[in-house]
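K.L.:
Here is what each chain is made of, one letter per residue.
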Amino acid sequence: MTRVAETAREALGDVPDGATVMIGGFGPAGQPVELIEALLASGAGDLVVVSNNAGNGDDALARLVRDGRVRRIVCSFPRQVDSWHFDAAYRAGRIELELVPQGNLAERIRAAGAGIGAFFTPTGYGTPLAEGKETRVLDGVPMVLETPIRADVALVKAHRADTAGNLVYRRTARNFGPVMATASSRTVAQVRDVVPAGALDPEAVVTPGIYVEAVVALDSVTAVAGVSA
Amino acid sequence: MTAPARATGPLTREQIAARVAADIPAGAYVNLGIGLPTLVGDHLPPGSGVTLHTENGMLGMGPAPAPGDVDPELVNAGKVPVTELPGASYFHQADSFAMMRGGHIDVCVLGAFQVSTAGDLANWSTGAPDAIPAVGGAMDLAVGARRTVVMMTLLTKDGAPKLVTECTLPLTGVGCVSRVYSDRAVLDVGTGGRGGAAVVERFGVSHAELEDLLGLSLEGD
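Protein chains in written order, with our numbering: chain S, 2 to 230; chain C, 23 to 243.
No lab work stands behind these hints, which were simulated from the structure alone.
There's no promise every hint is true.
Label pairs and their calculated CB-CB ranges [what the hints assert, rightly or not]:
1) S70(C) / P17(S): 52 to 60 Å
2) A182(C) / S186(S): 48 to 56 Å
3) G71(C) / G44(S): 52 to 60 Å
4) V5(S) / S111(C): 25 to 33 Å
5) R137(S) / T30(C): 45 to 53 Å
6) K134(S) / G237(C): 29 to 37 Å
7) G46(S) / P47(C): 30 to 38 Å
8) R10(S) / G109(C): 36 to 44 Å
9) P47(C) / L139(S): 46 to 54 Å
10) G44(S) / P68(C): 55 to 63 Å
11) A150(C) / G116(S): 18 to 26 Å
Note that beta-carbon positions come from the ideal geometry of N, C-alpha and C, so glycine has one too.
Excised from the complex, chain S in its bound form:
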């Protein structure tokens, strides 16, 4: 059953040192800023972070990297014009990077959530990112064996939740949220508002509440996006 928390810190719960944490978002779109700030405040370190990017500017994800909380990051696109905290940590050898093509990242997360043991994909075949991986020609197409990525905690940002933990998203902020929510032992979602069970159209639910351990309503979430009710 989903908890409705009052604060981001309460929603986050205990994240032990060394935990693997999935963080939704594609750059700033869909980044669960307040939950990452709660993770920073919790003091947890030695983390493995799974996220498409490695932080922009001084945003919450970038500060997690800056403050040395992340031992290893699994992502597709760490280097950006404003990824200076990641760049510095990487150059200084303070963070390990596993670079994964974006579609493989999404599918490996999806596979974990769906109980798939591994899968063959054409993406990356013959490139440096497939080196050392098992390959097979299937139906005439060379394929690479990829394994699931799962996590202890997923932090996602959705648009709205109901008290049953069902989530709906908004525009391209959806990105990794729905697959990450399925692939973690615990999923925590920050939303603009939490409505009573029955107030969301069941046909429109994107992430069913079974995947969601806690939700927290944060007014600031879409104030940033300039969204009215």
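Use these hints to put chain C onto chain S, whose structure you have.
P.N.:
Just chain C, lined up with the frame of chain S:
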């Protein structure tokens, strides 16, 4: 048999974009890579019925918003604000790449550092030892679309050919590119060029000059 040639060239970036757009079939589902290929969207004729896919999770992507209408939760793969057109849809990352990998996207237009005559693509890493690697969706896009084409200048700023016998930079995909649109020529490669490079159209250069620029023997005219 002579490939069509424009007397003047090389083409500008906008002219290359227009040339790419002219080959996109009406009603196609198209992904435009970040950088140079995004210009192609401006040259699709009104009423073409082309639907743009952006791999961060949207079909029916529209042009940049008016300054007051920017929504940080509505961005393209380059994280640049965009708009939604009537009939647009949103989906998560696994669905977006399944759509790509599953062969549902008709055309993908990508930029490139190098393309080989066999259709290999190198567009994600300069191979510099101190470079911080980043790949994004490039490898998925390269092999996923029904047809992957490249839009690039034919030569580097230093004058080195970007169409080569074998890529020296780290690969993005093997044998995935079927056509190259450049400022000097349009060329079929890989399966499109039957294993070599074949000239489709030239812009202000002769066939012999093109072969000389590239240091390659070219089919096609």
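K.L.:
May I ask which of the numbered hints given earlier this structure violates, with the numbers listed in increasing order?
P.N.:
Numbers 7, 9 and 11, in rising order.
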